[in-house]
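Take a look at the letters that make up each chain.
There are 2 protein chains.
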Amino acid sequence: MSKEITAGILVIGDEILSGRTKDKNIGYIAECLTTVGINLSEARVVPDDETRIISALNEMRNNYTYVLTTGGIGPTHDDITADCVAKAFGVEISENDEAIKMLLERIPAADLNESRRRMARIPHGAKLVENKVSKAPGFQLGNVFVMAGVPSIMQAMLDVIITRMETGTKLLSCTIKTNIKEGDIAPILRAIQEENHSVTIGSYPFYNDTGFGANVVCRGKDASVIKKVCNEIVARLSSYGKLEIDEEIK
Amino acid sequence: MSKEITAGILVIGDEILSGRTKDKNIGYIAECLTTVGINLSEARVVPDDETRIISALNEMRNNYTYVLTTGGIGPTHDDITADCVAKAFGVEISENDEAIKMLLERIPAADLNESRRRMARIPHGAKLVENKVSKAPGFQLGNVFVMAGVPSIMQAMLDVIITRMETGTKLLSCTIKTNIKEGDIAPILRAIQEENHSVTIGSYPFYNDTGFGANVVCRGKDASVIKKVCNEIVARLSSYGKLEIDEEIK
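Respectively, the protein sequence lines represent chains D and Y. Under this note's numbering, the first sequence has 170 at position 170, and the numbering climbs by one with no breaks. Under this note's numbering, the second sequence has 100 at position 100, and the numbering climbs by one with no breaks.
This is chain D alone, in the form it adopts within the complex (with noise of 0.2 Å):
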């Protein structure tokens, strides 16, 4: 078996906590990293607090393969990320050369002000994620990769941080979406289960204007078993409602 390949998301920011915000960043890289075969473990959103970050990134860099950070390394006093990272591996942080002239690409010289001087301090030993938005970078420093909380900038780092990451094998999936109410499946599904290890079976009820169903994923690595798999769960439940299965497995 390959080694699993691990991720956390950790969250940085007073705003999503406080409901002014809602964020769509944890979503968009759950599903990025599924497509390359990471396994997201967990997901944590922490206030604009330095011992919180860093209590939070340590124990989850300890725990999974990586961690990526999203929030809290532009210009303002509130913008604590980028020191909280060096303070969590012991190492210090000053202004980074490289990032200085990632900045100076958009941000004519004299623009250039101590406020926005603050976002090329990177800890030191780390490596910048180049932004092709606003061009202030993120960076990764041994397994943490840092990015901003603005999504469409938050995207252009995924694109570069995804190259630079060990993927896995795909694990893929396949959804039969059904009318039928769950409560009158769950031992055909339990059985299912029970008789096949190596594909995880959910079963996600939804509840909409039609009434109630049940959305059945089926997930694993192998497609020929996930498709078995599926063919007796459509053949077990047929006689119970209507049964959409996906036409492709993905």
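Among these hints, one or two may not hold up.
Heads up, the list lumps identical chains together, so a pair's fine if it works in one copy or across two of them.
What the hints assert, rightly or not - Mimicking DSS-like on lysine-lysine, the simulated pairs with C-alpha atoms at most 30 Å apart in a straight line are:
hint : residue 1 : residue 2
1    : K135      : K22
2    : K242      : K221
3    : K228      : K22
4    : K3        : K221
5    : K221      : K24
6    : K170      : K24
7    : K221      : K135
8    : K24       : K242
9    : K101      : K132
10   : K242      : K132
11   : K22       : K101
12   : K127      : K170
13   : K135      : K242
14   : K250      : K101
15   : K227      : K242
Hints were generated in silico from the structure; no laboratory data involved.
Given the coordinates of chain D, work out where chain Y should sit on it, guided by the hints.
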């Protein structure tokens, strides 16, 4: 100073970590807690894994006044939240008569099979949380509130839960939206923050078709102090660009 009331959210579900389902509950709960003066201190997403759920739950219930969980209380084999909560508290779990009655309000007795009865398994000592949408209840054990993951059902449960919580002094906020770049005003914001400790000033950059800008948010418990700080920010930033201030502090 009044006691601070804190909360943590524990989102339980492989489907969120795989990116298949995008979480909509954290933002909704966050906003609701802020309105009633409860300080959301952390949100965490963990997989459908007993050890991980129990460990996160025990950590969070010790750290915060309240913990709210979402997900994993349906009738299928992957719904393990209620059992995990019982284990975390070291109590028994069994079918609860009151919960069965609630299920019977929606489900005909003939359809109340073993799987559906699973939704009535409640840890001993827990108080039920009714659910107007699908009737299957959530529950409260100690300082932990267990809710469904389907947003419409979670929201119905949250309406009930919020009435059972000790609430705090509502955190008020006022936003100044500006087309000024953060990097131009960071020193001013920092200085105003340093002079005003009872108001938290957050600066949240955005990037859209019209370019960069920032939302400067002042948060605190005293509307008159927020007003004073906002007025100072507006006065000192007015020469830098366009400023739109919330009409109301709320």
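Hints and how they fare:
1. K135 x K22: both (24 Å within a copy, 28 Å between copies)
2. K242 x K221: within (27 Å within a copy, 53 Å between copies)
3. K228 x K22: between (39 Å within a copy, 28 Å between copies)
4. K3 x K221: within (13 Å within a copy, 50 Å between copies)
5. K221 x K24: both (27 Å within a copy, 28 Å between copies)
6. K170 x K24: both (23 Å within a copy, 26 Å between copies)
7. K221 x K135: neither (37 Å within a copy, 37 Å between copies)
8. K24 x K242: Between copies only: 27 Å across chains, 33 Å inside a chain, cut-off 30 Å.
9. K101 x K132: within (13 Å within a copy, 58 Å between copies)
10. K242 x K132: between (46 Å within a copy, 26 Å between copies)
11. K22 x K101: neither (33 Å within a copy, 37 Å between copies)
12. K127 x K170: within (27 Å within a copy, 43 Å between copies)
13. K135 x K242: Between copies only: 24 Å across chains, 50 Å inside a chain, cut-off 30 Å.
14. K250 x K101: neither (41 Å within a copy, 42 Å between copies)
15. K227 x K242: Cα proximity of K227 and K242: one copy only (19 Å, versus 58 Å across).
In this structure, the hints that do not hold are numbers 7, 11, 14, in rising order.
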